[in-house]
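Q: From just these sequences and the hints, can you work out the full model?
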Amino acid sequence: MAGTVLDTAPTAHPSTAGTSKQHPKAQPMFGRKRMARGLWWLAPAIAVLIAFVYWPLLQNFAFSMMQWDIYSGRSEFVGLENFGKLAKDPVFYTALGNNFLYALVSLVFQVAGALSLAVLIESRRSEKLRRCLRALYFIPSAISLTVSGLLFYFIYEPQLGMLNHLLTAVNLGQLAQPWLGQESTAMMGIIMMSQWQGFGYSTLLFAVAIQRIPRELFEAAELDGIGPIRQFFHITVPLVREMTGLMVIVTISGAFQVFNEVMVMTSGGPNNSTQVLGTWLYENGFSRNDFGYAAAIATVIFLLTLAIGLLQMWYTKKRRVQW
Amino acid sequence: MVTRTQIISTISKTFVFAFLLGLAVIVAYPLLWMLMNGFKTNAELFADPFALPQQFTWQNYANAWNRGVSNYVTTSVLVTVTSTISTVLISAWAAYGLTRVKIPFSKFWMGFILGGLMLAPTVALVPLVKLMQSLGLYNTFWALLILYTAFRIPFTTFLIRAYMIDLPFEIDEAAEMDGASRWRTFWHIILPMCTPILVSTVLLHVLFAWNEYLFAMVFTSGSGIEPLPVGLTSLLSKHGTDYPVVFAGMAIAAIPVLILFFASQRYFIKGLSEGVGK
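Same order as they appear, the protein sequences are chains A and B.
Position in the first sequence (first residue = 1) + 46 = the numbering used here.
Position in the second sequence (first residue = 1) + 2 = the numbering used here.
Derived from the structure by calculation, the hints contain no laboratory data.
In this text the structure is predicted, and so the values were computed from the model without any measurement.
There could be a bad hint or two in this list.
Claimed, not checked - Here are the computed lysine-lysine pairs in the BS3-like style, where the Cα-Cα straight-line distance is at most 30 Å:
{"hint": "1", "chain 1": "B", "residue 1": "Lys-272", "chain 2": "A", "residue 2": "Lys-364"}
{"hint": "2", "chain 1": "A", "residue 1": "Lys-79", "chain 2": "B", "residue 2": "Lys-109"}
{"hint": "3", "chain 1": "B", "residue 1": "Lys-272", "chain 2": "A", "residue 2": "Lys-174"}
{"hint": "4", "chain 1": "B", "residue 1": "Lys-132", "chain 2": "B", "residue 2": "Lys-240"}
{"hint": "5", "chain 1": "B", "residue 1": "Lys-109", "chain 2": "A", "residue 2": "Lys-363"}
A: As structure tokens, then:
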């Protein structure tokens with residue numbers, strides 16, 4: 047069954063296994079032609095991926111070593127100059143730091159928080175309530191980040207914003223402030239919007255993982271007088287480990303690709319305090335037309351996401367072996 | 003007799019319930035606020051952001067619709083429908099080729115297609131702009147159609163492949179014995195059997211295409227064919243002080259996907275929970 051998938055190309059030697067069982071001599075030529083025809087099934091996908099994913103990716107490496115003249119549109123090879131510039135760019139470090147902060151806060155809310163929340167939801171007796179809560183919490187993940195970004199732009203807005211009015215209403219008026227308008231709170235404001243938007247998604251996935259744990263384990267623990275907190279650490283956490291690992295990787299990977307919400311809410315301001323790698327790339331490439339520099343930032347994003355992707359592959363493989 | 007543990011248990015259960023309810027309010031209230039503000043006048047909004055509108059007026063929705071949202075919706079619908087068809091079709095073909103047809107170097111091709119999962123769209127952005135410019139596709143609908151397809155093929159193929167690989171191979175053998183061609187087997191036998199996963203992938207792609215922002219902004223800004231997410235931000239910058247209209251536009255963008263989500267939750271959850279293991 048798996049043979050069809052895993053079989054690689056037949057070698058030229060007829061003695062090598064893998065071509066055909068019935069006619070080891072006559073088959074190779076015919077078989078290979080026939081097999082090559084099978085490639086037509088993949089041809090559209092491969093063609094599109096080469097032209098619009100892999101080729102631009104390779105070009106990006108070349109671009110990152112070039113310098114464009116904005117006026118003539120000509121480019122010249124400058125080696126690693128763009129990366130040297132990057133190493134001395136304070137905004138690049140702000141952006142990198144913000145991406146890390148994003149990852150860190152998201153790990154707390156979307157992994158630790160979501161797992162605990164999923165446990166609380168699944169502990170309710172009524173199936174109707176459980177389903178209702180899971181769906182409700184998921185709603186922000188279904189709507190566009192542009193919509194939720196704009197929504198929180200208004201919530202944080204000093205005059206008509208809900209947050210300041212709410213603080214005033216509960217006698218905490220002195221805490222009211224222009225949340226996105228000052229460097230000290232802007233980044234955290236965006237990150238918290240992102241948590242609001244995304245926690246339901248990971249909660250839903252953790253809930254699915256928890257549902258797969260055999261009920262008997264909890265019932266047995268109950269009979270032994272083991273409390274809910276110990277059940278959490280000794281049954282739930284170890285048994286959803288697989289999902290936790292995946293969510294950690296997905297969350298970190300997502301944190302380094304943040305773009306939409308920052309662009310909508312602050313465009314990187316005030317004073318570049320909310321720049322992330324994605325928006326800094328955009329500003330250099332498309333506001334300042336410094337394509338080479340933007341490509342260098344893109345290369346950094348590529349290396350970071352590649353490292354995370356390889357980690358994920360390694361993790362998935364490890365999991366397969368365990369099964 | 004009520005024991006101490008029972009009391010503690012009741013208290014903690016009440017706390018948990020209150021917490022879950024509070025969280026539900028935190029999620030739902032901003033959304034309701036958004037919907038409500040779409041019905042207010044600007045003066046009402048600034049006077050008291052929490053108050054209910056004096057009278058429910060559809061005027062803001064009409065204004066938003068006439069100030070460009072109708073165009074944004076048209077583009078969004080068009081891009082979503084066409085890119086969903088192209089992505090799911092191409093991915094289903096690829097999944098079929100990878101699972102049920104003997105092809106040379108199949109392991110390599112699988113890595114090649116699924117490897118695209120690791121690539122962030124931002125990384126290819128600068129070369130893609132140059133490429134689209136040289137192809138004359140910059141600021142056209144085609145740029146979005148192509149990119150939404152290209153960048154979603156790996157994920158969609160992954161999902162369909164995982165499903166197809168579990169279908170028994172006796173089906174193909176029986177079809178071949180009956181003289182059915184590969185093409186016929188694919189369309190009339192295998193594809194219909196994959197309906198559940200196809201529904202999931204269609205839904206996930208619709209969600210993606212409807213909400214996508216990066217490519218939409220870079221490739222259509224100011225072109226007159228912006229899809230909704232980009233159109234909304236320009237609605238804000240153009241009619242900056244008329245906030246209720248912007249709220250109405252946001253609601254118009256959010257409501258279709260919410261309806262879709264609630265109508266097909268089961269498939270969504272299935273697609274999501276299988277997709278996370280990508």
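Q: Would you check the hint for B/Lys-272 and A/Lys-174, treating anything up to 30 Å between C-alpha atoms as holding?
A: Holds - the C-alpha atoms of A/Lys-174 and B/Lys-272 are around 19 Å apart, at most 30 Å.
Q: Given the hinted pair B/Lys-132 and B/Lys-240, is their alpha-carbon gap at most 30 Å?
A: Within the cut-off at roughly 29 Å; holds.
Q: Tell me if the straight-line CA distance from B/Lys-109 to A/Lys-363 falls inside 30 Å.
A: Holds - the C-alpha atoms of A/Lys-363 and B/Lys-109 are around 15 Å apart, at most 30 Å.
Q: Within a Cα-Cα threshold of 30 Å, do B/Lys-272 and A/Lys-364 meet the stated pairing?
A: Given pair B/Lys-272, A/Lys-364 holds - Cα atoms ~23 Å apart, limit 30 Å.
Q: Does the structure keep A/Lys-79 and B/Lys-109 at a Cα separation of 30 Å or less?
A: 18 Å, holds
Violation of the numbered hints given earlier is absent; every hint is satisfied by the structure.
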